[in-house]
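Undergrad: Work out the full structure: start from the sequences and follow the hints.
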Amino acid sequence: MSTASPALDHDHDHEHHGPARGLKRWLLTTNHKDIGTLYLLFSLAMFFVGGAMALVIRAELFQPGMQIVDPHFFNQMTTMHALIMVFGAVMPAFVGLANWLIPMMIGAPDMALPRMNNWSFWILPFAFTLLLSTLFIPGGGPAGGWTLYPPLVLQTGQAFPFVILAIHMMGVSSIMGAINVIATILNMRAPGMTLMKMPLFVWTWLITAFLLIAVMPVLAGAVTMLLTDKYFGTSFFNAAGGGDPVLFQHIFWFFGHPEVYIMILPAFGIISHIIPTFARKPLFGYASMVYATASIAFLSFIVWAHHMFTVGMPLAGILFFMYATMLIAVPTGVKVFNWVATMWRGSMTFETPMLFAIAFVILFTIGGFSGLMLSIAPADFQYHDTYFVVAHFHYVLVPGSVFSLMAAAYYWLPKWTGHMYNETLGKVHFWLSVIGVNILFFPQHFLGLAGMPRRIPDYALQFTQFNMISTVGAFIFGLSQLLFLYIVIQTIRGGAKATDQVWDGAKGLEWTLSSPPPYHTFTTAPEVK
Amino acid sequence: MTSSRILRGGGIALISALSAWSASAHADSIWNMTRGVTDISRNVYDLHMLILWICVFIGIGVFGVMFWSIYHHRKSRGAEPAQFHESTAVEVAWTVVPMVILISMAVPATQVLIRMADASEAELTIKVTGYQWLWQYEYLDEDVSFFSALSTPHDQIYGDAPKGEHYLLEVDNPLVVPVGTKIRFVFTSADVIHSWWVPALGWKQDTIPGFINENWTLIEKPGTYRGQCAELCGRGHAFMPIVVEAVSPAEFQEWLARMKGQDAPEAPTAQTDSPALTLAGDQPL
Amino acid sequence: MAASHAHDASAFTTDHYYVPHQSYWPIIASIGLFTMMLGAANWLNGGGVILFWIGVALILITMFGWFSTVIHESENGMYSAQMDRSFRLGMVWFIFSEVMFFAVFFGALFYARMYSVPWLGGETDHGLLTHGLLWPHYEAAWPTGGPERIGGFFAPMGPWGLPAINTLILLSSGVTITWAHWGLIEGNRAALIKGLAATVALGVLFLSLQGYEYVHAYRDLHLTPQSGIYGSTFYMLTGFHGLHVTIGVIILLVILFRSIAGHFTPQRHFAFEAAAWYWHFVDVVWLGLFVFVYWL
Ligand code: HEA
Ligand code: HEA
Ligand code: CUA
Ligand SMILES: [Cu+2]
Numbered sequence: 000m001s002t003a004s005p006a007l008d009h010d011h012d013h014e015h016h017g018p019a020r021g022l023k024r025w026l027l028t029t030n031h032k033d034i035g036t037l038y039l040l041f042s043l044a045m046f047f048v049g050g051a052m053a054l055v056i057r058a059e060l061f062q063p064g065m066q067i068v069d070p071h072f073f074n075q076m077t078t079m080h081a082l083i084m085v086f087g088a089v090m091p092a093f094v095g096l097a098n099w100l101i102p103m104m105i106g107a108p109d110m111a112l113p114r115m116n117n118w119s120f121w122i123l124p125f126a127f128t129l130l131l132s133t134l135f136i137p138g139g140g141p142a143g144g145w146t147l148y149p150p151l152v153l154q155t156g157q158a159f160p161f162v163i164l165a166i167h168m169m170g171v172s173s174i175m176g177a178i179n180v181i182a183t184i185l186n187m188r189a190p191g192m193t194l195m196k197m198p199l200f201v202w203t204w205l206i207t208a209f210l211l212i213a214v215m216p217v218l219a220g221a222v223t224m225l226l227t228d229k230y231f232g233t234s235f236f237n238a239a240g241g242g243d244p245v246l247f248q249h250i251f252w253f254f255g256h257p258e259v260y261i262m263i264l265p266a267f268g269i270i271s272h273i274i275p276t277f278a279r280k281p282l283f284g285y286a287s288m289v290y291a292t293a294s295i296a297f298l299s300f301i302v303w304a305h306h307m308f309t310v311g312m313p314l315a316g317i318l319f320f321m322y323a324t325m326l327i328a329v330p331t332g333v334k335v336f337n338w339v340a341t342m343w344r345g346s347m348t349f350e351t352p353m354l355f356a357i358a359f360v361i362l363f364t365i366g367g368f369s370g371l372m373l374s375i376a377p378a379d380f381q382y383h384d385t386y387f388v389v390a391h392f393h394y395v396l397v398p399g400s401v402f403s404l405m406a407a408a409y410y411w412l413p414k415w416t417g418h419m420y421n422e423t424l425g426k427v428h429f430w431l432s433v434i435g436v437n438i439l440f441f442p443q444h445f446l447g448l449a450g451m452p453r454r455i456p457d458y459a460l461q462f463t464q465f466n467m468i469s470t471v472g473a474f475i476f477g478l479s480q481l482l483f484l485y486i487v488i489q490t491i492r493g494g495a496k497a498t499d500q501v502w503d504g505a506k507g508l509e510w511t512l513s514s515p516p517p518y519h520t521f522t523t524a525p526e527v528k
Numbered sequence: 000m001t002s003s004r005i006l007r008g009g010g011i012a013l014i015s016a017l018s019a020w021s022a023s024a025h026a027d028s029i030w031n032m033t034r035g036v037t038d039i040s041r042n043v044y045d046l047h048m049l050i051l052w053i054c055v056f057i058g059i060g061v062f063g064v065m066f067w068s069i070y071h072h073r074k075s076r077g078a079e080p081a082q083f084h085e086s087t088a089v090e091v092a093w094t095v096v097p098m099v100i101l102i103s104m105a106v107p108a109t110q111v112l113i114r115m116a117d118a119s120e121a122e123l124t125i126k127v128t129g130y131q132w133l134w135q136y137e138y139l140d141e142d143v144s145f146f147s148a149l150s151t152p153h154d155q156i157y158g159d160a161p162k163g164e165h166y167l168l169e170v171d172n173p174l175v176v177p178v179g180t181k182i183r184f185v186f187t188s189a190d191v192i193h194s195w196w197v198p199a200l201g202w203k204q205d206t207i208p209g210f211i212n213e214n215w216t217l218i219e220k221p222g223t224y225r226g227q228c229a230e231l232c233g234r235g236h237a238f239m240p241i242v243v244e245a246v247s248p249a250e251f252q253e254w255l256a257r258m259k260g261q262d263a264p265e266a267p268t269a270q271t272d273s274p275a276l277t278l279a280g281d282q283p284l
Numbered sequence: 000m001a002a003s004h005a006h007d008a009s010a011f012t013t014d015h016y017y018v019p020h021q022s023y024w025p026i027i028a029s030i031g032l033f034t035m036m037l038g039a040a041n042w043l044n045g046g047g048v049i050l051f052w053i054g055v056a057l058i059l060i061t062m063f064g065w066f067s068t069v070i071h072e073s074e075n076g077m078y079s080a081q082m083d084r085s086f087r088l089g090m091v092w093f094i095f096s097e098v099m100f101f102a103v104f105f106g107a108l109f110y111a112r113m114y115s116v117p118w119l120g121g122e123t124d125h126g127l128l129t130h131g132l133l134w135p136h137y138e139a140a141w142p143t144g145g146p147e148r149i150g151g152f153f154a155p156m157g158p159w160g161l162p163a164i165n166t167l168i169l170l171s172s173g174v175t176i177t178w179a180h181w182g183l184i185e186g187n188r189a190a191l192i193k194g195l196a197a198t199v200a201l202g203v204l205f206l207s208l209q210g211y212e213y214v215h216a217y218r219d220l221h222l223t224p225q226s227g228i229y230g231s232t233f234y235m236l237t238g239f240h241g242l243h244v245t246i247g248v249i250i251l252l253v254i255l256f257r258s259i260a261g262h263f264t265p266q267r268h269f270a271f272e273a274a275a276w277y278w279h280f281v282d283v284v285w286l287g288l289f290v291f292v293y294w295l
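Residue numbers (numbering that gives the first Met the number 0), protein chains in the order written: chain V, 0 to 528; chain A, 0 to 284; chain R, 0 to 295.
Hints in this document: simulated from the structure, not taken from any laboratory. Hints may be right or wrong, so weigh each one.
Stated by the list, open to error - If you want a taste of the chain V side facing chain R, the calculated C-beta under 10 Å gives, among others:
(1) Asn30
(2) Pro108
(3) Thr223
(4) Gln464
Please read all numbers here as calculations on a predicted model, not as lab measurements. Here a beta-carbon is modelled for each residue, glycine too, at the ideal position from N, C-alpha and C.
TA: Okay, structure coming up:
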């Protein structure tokens with residue numbers, strides 16, 4: 000234990016064993032569990048903000064004609080919805096899980112760089128304040144889509160520098176968070192916790208963190224060039240000066256494609272914990288899971304231009320990016336098959352986390368299939384920029400990433416809080432969500448195939464029925480998330496006492512701790528055999 | 000526990016919805032991609048159906064195994080967990096088989112792509128320029144040029160009048176082209192990126208300011224084909240449709256002769272009575 | 000050198016992983032960053048610049064305070080060998096993120112030279128139409144201000160004047176910092192301090208020459224960031240590089256003062272090494288710049 004003499008410890012007033020009281024606990028904390036909680040609560044709040052914007056979109060699209068908002072405001076909602084969901088809800092939620100779980104899973108006392116950890120988190124609320132404040136300034140927020148394509152995005156008014164600088168702040172936060180994760184995993188494992196013994200959530204996060212450090216600076220560079228093009232007269236994206244608007248797209252998607260895997264790899268990790276627990280059977284193909292994750296990460300760097308099949312690339316380029324993109328189906332398939340094989344001849348029960356995990360496997364795969372269809376370039380000439388694409392990415396992101404987060408919340412909440420959640424309510428929430436989400440996004444496939452472009456506030460009459468169905472689904476799905484909020488609050492405040500292991504099939508170091516775990520855990524490293 | 004039964008039911012419903020969707024796809028319908036009116040568009044449609052079916056079958060296989068397992072390997076049915084956790088043979092198989100399936104998709108896709116890339120030997124070249132928020136068409140060797148903007152009245156958009164049949168898919172000056180003729184399009188933009196898309200032709204092409212893209216078509220059937228701008232281009236993005244009128248070569252020549260007599264095109268700013276522009280109201284952009 | 004706290008071969012006082020208690024610095028840093036960004040946005044929108052500088056000041060105060068805390072902890076032997084590894088990993092991956100940041104601008108440069116400019120000038124199928132229909136008078140060459148020469152005529156910056164001298168300066172600064180490192184490892188404090196001082200001096204000299212070069216570019220060559228894609232890439236790359244040299248010089252200055260204060264031991268001097276890594280990184284980026292921006 001600590002050999003540092005108390006005389007050298009200048010922070011006398013804080014005990015080693017418990018948190019500080021009041022607001023200071025949260026503002027000044029260096030504790031991975033506190034910071035994890037902050038991240039998770041922040042992301043939940045952002046999920047509701049981003050979701051409310053999605054409901055504005057869906058409400059306007061309920062019927063043809065302009066009803067509720069102005070087209071320009073509609074575009075702001077689309078743009079902000081995506082930025083907030085991606086950078087404010089899904090990414091921070093995974094970082095929150097990483098904070099809570101990685102030290103507990105590898106037997107470390109905390110994250111490797113605890114003060115920087117606090118900084119990574121506290122940048123975020125400020126960054127999103129900056130971003131959201133643009134809705135209230137003259138000319139409104141950014142309206143060029145989350146992809147920020149020039150020259151359109153350069154028409155943004157006073158909001159422009161706010162958006163760019165907010166993105167810079169999110170980038171700084173993500174990079175520091177990722178550095179922390181890598182340092183923790185590589186340096187803080189308990190004796191005996193070799194790399195190939197690490198739980199899969201840890202593995203997927205290690206690879207995700209690498210992706211983050213590799214691509215967040217790329218986004219930073221891209222938006223910096225937007226900034227100088229607008230304010231300092233540079234010509235990166237201006238043909239008259241020798242640049243090219245398409246250059247931005249290449250850079251953006253060099254970030255953007257790995258980014259979508261940043262939002263799914265940790266989800267794969269979560270699912271790889273939950274399915275074995277409730278199948279009461281070890282994960283099938285652990286090693287191939289690790290290699291598949293690494294292959295997906297590698298491939299993610301060489302497929303970016305599948306978002307740009309229609310910009311007029313040379314044939315050879317299109318072919319290369321088409322083949323490379325199709326290849327991703329192979330390692331992803333390995334993962335899906337491994338999950339199914341894990342269930343095979345298990346002894347399954349279907350508590351809420353498992354329900355979400357099963358729905359994840361099915362619905363993510365459907366999203367993956369539509370992704371594969373999009374990767375076929377000649378067909379993408381039709382699909383591109385239609386609701387087929389919107390359906391694709393919401394299937395992988397909502398019943399994909401978001402469901403994995405819900406599953407994780409139900410799965411680990413008893414560990415975190417020491418209380419069991421209400422299983423009946425959990426199941427109700429699951430069924431409302433899974434039904435709602437399909438009513439919401441399945442019809443969008445048809446809309447896209449029938450020819451409805453994305454990012455439009457008004458549409459031709461033949462698209463009416465499916466849009467109505469979709470909007471109804473959106474409100475079912477959205478309102479059911481209020482139930483989730485209720486369940487989480489209820490569980491934090493009380494409930495049946497959770498055992499240490501919580502689930503009878505659960506394996507791993509985090510389940511050896513008490514529920515809730517003490518404020519500081521593993522100050523002496525456990526022995527892993 | 001009933002939840003697993005419901006889950007299974009839900010899965011089956013989903014799968015049957017999926018196959019119903021593809022089964023009903025043989026006619027042009029609001030359920031599926033159009034077959035279009037060109038050779039290329041039919042190639043694209045066939046490719047789309049091929050991948051769709053492959054995915055449906057893989058899905059039925061994977062989910063079938065999964066639901067079987069969910070049903071039979073439940074604790075409530077007294078299932079005892081096995082302890083196996085790897086099998087090299089199986090893992091190799093499910094790496095190699097998808098590879099083979101992918102190759103079988105990549106081959107036809109490549110063929111179609113190569114065909115689409117060949118814009119040579121066109122008999123007519125039309126230059127398309129995107130503007131916020133209308134299109135300009137120039138018949139390059141014919142000295143014909145005009146703008147084409149949304150013609151749906153403002154009242155219909157704002158619910159003050161009943162919406163017409165081609166609500167938002169109608170323009171003042173449609174693009175007129177001859178059938179049975181290979182037509183080359185060259186695309187550019189005057190401001191931001193737009194994307195010119197008529198589903199019946201089987202493709203869309205972005206218009207990049209400062210650069211030229213090209214594409215081509217050969218329409219077989221006379222008719223009116225409608226499309227829209229497919230790249231977010233600001234406030235009026237939903238309001239810059241495309242209407243192509245494909246007519247017989249003789250009619251086309253007639254039309255061309257009539258158009259040649261007309262004045263040079265007005266500047267787009269003069270089109271202030273276009274609903275797309277008045278939509279902007281007094282707001283900037 | 001300061002008395003070593005060594006009690007084992009690793010020369011670290013403790014094998015306990017020190018998890019710092021609550022700290023004010025991160026939240027102050029967040030507020031500082033926010034103020035700075037808000038100020039910058041305001042500034043770009045034509046507003047005042049005071050807020051921006053307040054933010055910068057807050058960040059500087061944070062850096063001073065945070066680093067002091069860390070130095071204090073380090074000097075009091077609270078860090079173990081394992082913590083040292085965490086710091087190293089942190090620095091390595093931070094530098095990797097910087098590499099990716101510069102890669103973007105190099106990527107933009109290569110794209111412009113290999114694709115967009117040749118296309119505008121009519122090369123390849125794609126370029127033929129673009130050139131013929133839109134820019135028939137444009138002759139592609141490098142350097143270029145683009146078809147419309149947005150920023151007017153300019154002369155490019157040749158490699159063999161100041162840039163070559165600057166290359167020599169940075170290369171020798173790589174040598175002097177290695178000299179300092181040797182001094183540190185061998186317990187030769189004079190060499191350490193002289194080597195560091197020389198490195199700082201070379202860094203400052205580099206920056207002054209770079210500043211002079213900018214004045215020359217603006218005044219005599221008429222080369223500005225508005226000078227088409229050449230000016231854009233030139234200023235973006237050299238500008239961000241210069242910023243990094245500035246940061247490097249500040250870091251080295253801190254290390255110099257700490258060396259004078261006797262903070263480092265031959266076994267234990269992570270801060271020095273981190274600074275050296277950073278300096279070498281800045282050095283390597285310059286070589287890329289010299290070759291691709293000035294020379295080829
Ligand atoms: C979590 C996020 C996520 C994930 C995981 C994916 C996964 C994939 N995506 Fe998706 N994608 C997005 C998020 C995501 N995507 C977003 C946000 C956009 C739009 C951005 C924007 O424009 O705003 C987008 C857009 C997008 C496009 C551009 C469409 C367009 O604009 O025209 C393409 C094109 O290729 C594509 C392809 C793929 C592919 C091939 C996968 C693959 O990884 C899928 C692999 C999975 C499977 C295939 C299923 C499981 C496999 C098996 C069961 C094995 C057997 C299968 C076969 C052999 C067929 N995606
Ligand atoms: C992780 C990312 C993520 C997530 C979780 C979501 C979630 C949702 N998205 Fe999102 N979406 C994107 C990422 C995401 N989206 C991206 C990247 C784009 C592209 C943007 C672009 O084109 O630039 C996009 C675009 C997009 C569009 C297309 C817009 C357009 O093209 O114009 C639509 C339309 O239906 C939509 C809908 C929804 C809905 C209904 C949800 C729902 O799942 C949301 C559910 C959540 C809630 C609804 C919140 C919870 C409930 C409340 C707040 C209660 C509110 C109170 C009352 C109802 C009274 N999204
Ligand atoms: Cu033009 Cu969208
Ligand atoms: Cu992608």
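Undergrad: Taking the least C-beta to C-beta distance, is Pro108/V closer than 10 Å to chain R?
TA: Nearest chain R Cβ about 5 Å off; hint holds.
Undergrad: Min Cβ distance, Thr223/V to chain R: is it shorter than 10 Å?
TA: Cβ of Thr223/V sits 8 Å from chain R, so the hint holds.
Undergrad: Regarding the hint that Asn30/V lies at the interface with chain R, is the smallest CB-CB distance below 10 Å?
TA: holds (8 Å)
Undergrad: Checking hints one by one. Is Gln464/V an interface residue toward chain R, by the C-beta closer than 10 Å rule?
TA: Violated - the Cβ of Gln464/V stays beyond 10 Å from chain R, reaching only about 42 Å at its closest.
When the structure is compared with the earlier hints, a violation turns up for hint 4 alone.
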